[in-house]
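Visitor: Listed here are the chains, written in short residue letters.
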Amino acid sequence: MSMQRRDFLKAVGAAGAAGAAGAMAGCASMPGGASAGKVVVVGGGYGGATAAKYIRMWSGGRVDVTLVEPNESFVSCPLSNLVLGGSKTIADVTVPYSGLVKNHGVNLVRDIATAIDTEKRVVRVASGASLPYDRLVLSPGIDFMSVAGMNSVEAMDNILHAWKAGPQTVALRRQLEAMPDGGVYAIVIPVAPYRCPPGPYERACQVAWYFKRAKPKSKVLILDGNPDVTSKAGLFKKAWSEDYKGLVEYRNNHVATGVDAKTKTVKFETADDVRADVLNFIPPQSAGDIARQAGVITANNRWCEVDFLTFESVKVKNVHVLGDAIQIAPAMPKSGHMANQHAKVAAAAIVSILTGQPVSATPVVTNTCYSFITDKDVVHVASVHQFDKDKKTFLAVPGAGGLSPTWTPLEGEYAFSWAKNIWADTLA
Amino acid sequence: MDSRHIAFAAALAAVTAPALAQAPDPNLGRNLAATCANCHGTNGVSQGVVASLAGVPKADIVDKMNAFRDGKRPATIMHQLAKGYTPEQVELVAAWFAAQKR
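Taken in sequence, the protein lines are chains A and B. Each residue of the first sequence is one higher than the one before, starting from 280 at the first, in our numbering. Each residue of the second sequence is one higher than the one before, starting from 65 at the first, in our numbering.
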């Protein structure tokens with residue numbers, strides 16, 4: 280057993296003991312109404328799972344937490360582009376939810392939330408059960424806005440987004456494997472804001488990495504709705520003109536208006552139609568559907584505005600919204616790392632509110648985002664965001680944060696280390 | 065100084081330095097340290113090649129953060145992140161990690 284493995288088991292054991300002690304403390308004082316309150320968390324992604332864990336941990340088990348999540352396991356969007364490149368499998372980016380239950384006493388309900396009554400403070404799930412809450416954490420991620428031609432069965436089966444890691448990731452990899460050498464893979468990118476700004480460009484690199492080895496006559500065509508690459512632009516463009524010279528073509532200002540599934544053709548506002556052998560269409564996005572049902576979508580009919588000290592909805596009391604679903608602060612990306620950071624600010628605030636302590640007035644969040652140029656060479660973008668009490672939002676600290684100068688295997692090691700730590704921080 | 069003067073001084077302090085006049089935030093060190101956990105592990109216990117911070121002496125963490133901030137210690141990313149925290153925040157984070165079990 281390696282040192283790291285032993286340390287990991289030790290850490291998990293320690294966390295488990297702390298969780299059990301917390302749960303016992305809760306039980307011991309039950310007759311006196313010991314529970315400081317009930318929290319229901321809807322959505323077990325980077326935001327919701329982290330919130331569930333930290334509310335249990337920071338309340339010493341005094342706050343009951345129920346996590347509603349339909350999927351059997353957590354599948355990470357970060358690193359899932361490596362599955363498309365072929366250097367990792369979907370199992371490598373999949374983590375069970377059992378750590379939250381065993382180590383922290385989270386009550387896991389494998390179901391989908393179908394309705395939220397914010398007056399009576401009850402979440403209804405598909406099985407028919409009702410879950411009452413004092414505070415609700417909504418971490419619904421994103422859902423896709425409608426695209427002309429995308430609603431047919433043929434379109435949904437063949438034109439994949441793979442923008443929620445899981446079955447679509449595996450299916451898109453199969454399409455790439457089945458594509459003959461000399462074919463065209465096209466990725467269609469929506470106008471910002473969307474989930475994971477650098478993700479589409481990293482994906483282009485991963486598909487190019489695969490083509491370079493397995494199908495060198497093929498082409499990666501990036502059809503970007505934005506005027507320029509939205510994140511790490513210089514680094515990605517350098518990779519496309521050096522490592523992937525002749526394999527990748529980038530076209531800006533390609534705002535897609537629809538698809539023809541039969542011919543795998545994309546239509547654009549102002550540019551000519553484009554046909555591809557593998558068409559990877561990432562539609563425009565909004566906060567997940569349950570947020571709409573709960574009435575917390577307040578910005579542009581797409582995103583949820585929150586009070587950044589608590590992440591409570593500006594409109595609906597006792598409902599806290601996290602992650603990609605929120606109306607972001609300036610320069611705040613929609614990323615898994617950021618959703619985890621939102622969750623900790625919200626968890627601290629919720630525990631404080633339920634236990635009668637003052638809510639922290641000076642929160643900080645950070646973002647660290649690694650992108651894989653090859654299977655092991657990596658670049659990052661990082662930022663630190665301090666709460667500004669006058670503007671009542673998070674502002675990126677000027678002069679802090681920044682980019683990698685180039686891609687290196689050392690940052691690749693740090694990226695894999697980041698994944699281990701954030702997966703454990705979110706789920707173990 | 066009589067009580068009225070003390071009250072006046074306190075009021076003046078509240079106007080000129082409101083943060084100092086408020087009650088200290090009991091969870092601030094913990095909350096700030098949690099911003100590090102994505103890369104350094106929950107409570108500073110790392111699962112990967114990045115260093116654990118749990119149980120590291122406060123002065124060591126402060127010194128390293130200052131060296132990162134000033135560009136005196138080579139880094140891929142910490143020289144950029146270290147510039148985002150105030151000296152007071154670094155002190156709080158370092159004290160909190162120093163008090164955690166390894």
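If you're looking for bench data, these hints aren't it; they were derived computationally from the structure. Note that this is a predicted model, so its numbers are computed, not measured. Please note that the accuracy of each hint is not assured.
[What the hints assert, rightly or not] One-sided excerpt, in silico: chain A residues whose CB lies under 8 angstroms from chain B:
#, residue
1, 531
2, 534
3, 616
4, 620
5, 635
6, 647
7, 653
8, 655
9, 656
10, 659
11, 688
12, 689
13, 699
All residues carry an ideal CB built from backbone N, CA and C; glycine is no exception.
Visitor: With chain B as the partner, please determine if residue 647/A meets the hint condition of a C-beta pair closer than 8 angstroms.
Guide: 6 angstroms, holds
Visitor: Interface hint check: residue 699/A, Cβ to nearest Cβ on chain B, cutoff 8 angstroms. Holds or violated?
Guide: Where the cut-off is 8 angstroms and the nearest Cβ of chain B is about 4 angstroms from residue 699/A, the hint holds.
Visitor: Does the closest beta carbon of chain B sit nearer than 8 angstroms to the beta carbon of residue 655/A?
Guide: 13 angstroms, violated
Visitor: Can the hint on residue 534/A be confirmed by a CB-to-CB distance to chain B that is less than 8 angstroms?
Guide: Status violated, d = 33 angstroms.
Visitor: Can we keep the residue 659/A interface hint, with Cβ of chain B closer than 8 angstroms?
Guide: 6 angstroms, holds
Visitor: Holds or violated: residue 656/A as interface residue toward chain B, Cβ cutoff 8 angstroms?
Guide: 13 angstroms, violated
Visitor: Would the hint on residue 620/A stand, with a C-beta cut-off of 8 angstroms toward chain B?
Guide: 6 angstroms, holds
Visitor: Would the hint on residue 688/A stand, with a C-beta cut-off of 8 angstroms toward chain B?
Guide: Since chain B brings no Cβ nearer than about 11 angstroms to residue 688/A, farther than 8 angstroms, the hint is violated.
Visitor: Under 8 angstroms is the threshold here; is the Cβ of residue 616/A close enough to any Cβ of chain B for the hint to stand?
Guide: With a closest approach of 6 angstroms, the residue 616/A hint holds.
Visitor: Less than 8 angstroms between beta-carbons is the criterion; does residue 689/A satisfy it with respect to chain B?
Guide: 6 angstroms, holds
Visitor: Measuring from the C-beta of residue 635/A to each C-beta in chain B, is the shortest one below 8 angstroms?
Guide: Because about 12 angstroms separates residue 635/A from the closest Cβ in chain B, which is outside the 8 angstroms limit, the hint is violated.
Visitor: Would the stated hint for residue 531/A survive a check requiring a Cβ distance to chain B of less than 8 angstroms?
Guide: Given a least distance of 28 angstroms, the restraint on residue 531/A is violated.
Consistency note: the structure conflicts with the earlier hints numbered 1, 2, 5, 7, 8, 9, 11.
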